[in-house]
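**Q** Sequence:
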Amino acid sequence: GLCLDQNLFEIVVKGYAFLWHQIRCMVAVLFRVGSCLEPPSIVERLLRIDDGAEFSGGKPTYRLASEIPLILYDCEYPPGVAPFCDYQAPCGMVSKRMYDPFTDTWLRYAMRAAVTSSLIREVDAIPIEGGARWAEERNSREPLILDKDPEKLELPKRRREGTLDQKQVLHRRKLDRKNKAKSASSM
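Per full-length UniProt numbering, the sequence shown starts with residue 1, numbered consecutively.
Warning: the hint list may mix true and false statements.
What the hints assert, rightly or not - In silico DSS-like links for lysine-lysine, alpha-carbon gap of 30 Å or less:
#1 Lys59 to Lys157
#2 Lys59 to Lys178
#3 Lys167 to Lys178
#4 Lys59 to Lys14
#5 Lys14 to Lys167
If you're looking for bench data, these hints aren't it; they were derived computationally from the structure.
Build the full structure now, drawing on both the sequences and the hints.
**A** Right under this line is the structure:
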């Protein structure tokens with residue numbers, strides 16, 4: 001697990017039109033591999049979706065990685081489209097009006113982290129029931145990046161989500177039922 005000496009990890013994904021949850025899925029699988037809960041070969045096996053492939057019937061269910069550290073940056077937009085740009089600042093420059101909120105946010109969280117780290121260092125020295133120390137207990141937990149996953153099965157042994165086609169059929173049926181109910185209530 002992540003411990004207080006700040007073993008932080010970074011993954012940089014380059015590409016076009018990635019979906020928010022797609023990145024969270026990738027990170028979750030990579031953390032499972034890094035935690036020795038899955039073999040490295042699971043990545044290639046999950047990517048194979050041709051007929052007859054192990055996961056062609058749908059992806060296994062698993063918890064997504066946390067969205068908290070997920071940051072979208074370095075995107076290109078046509079001129080005049082990016083809503084967060086300060087078009088009053090000279091090209092290639094960041095105005096104080098844009099910079100200050102970032103530094104204020106960083107300072108607030110840095111102070112909270114410093115206070116919390118100090119408190120945790122104090123608590124780490126206190127024994128807990130059974131003779132262990134809090135630091136040992138904390139370091140045995142799953143990384144925060146992953147939501148708590150009560151299922152300990154390897155991905156290939158887990159229940160599968162439906163395929164895209166199956167999900168679309170279910171969605172169409174749901175819409176049809178809703179439309180029929182709406183039609184019946186308007187009569």
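**Q** Now tell me, hint by hint, if it's right for this structure.
**A** Status of each hint after checking the structure:
With a C-alpha separation of about 11 Å, the suggested pairing of lysine 59 with lysine 157 holds against the 30 Å cut-off. Restraint check for lysine 59 and lysine 178: the C-alpha separation of about 28 Å stays at or below 30 Å, so the hint holds. Proximity of lysine 167 to lysine 178 is assessed by CA-CA distance (about 17 Å); at most 30 Å being required, the pair is judged to hold. A hinted pair counts as satisfied when its Cα atoms are at most 30 Å apart, and lysine 59 with lysine 14 qualifies at roughly 23 Å.
Note on lysine 14 and lysine 167: the hinted pairing holds, with a Cα-Cα distance of about 28 Å set against a maximum of 30 Å.
In terms of the numbered hints stated before, the structure departs from none.
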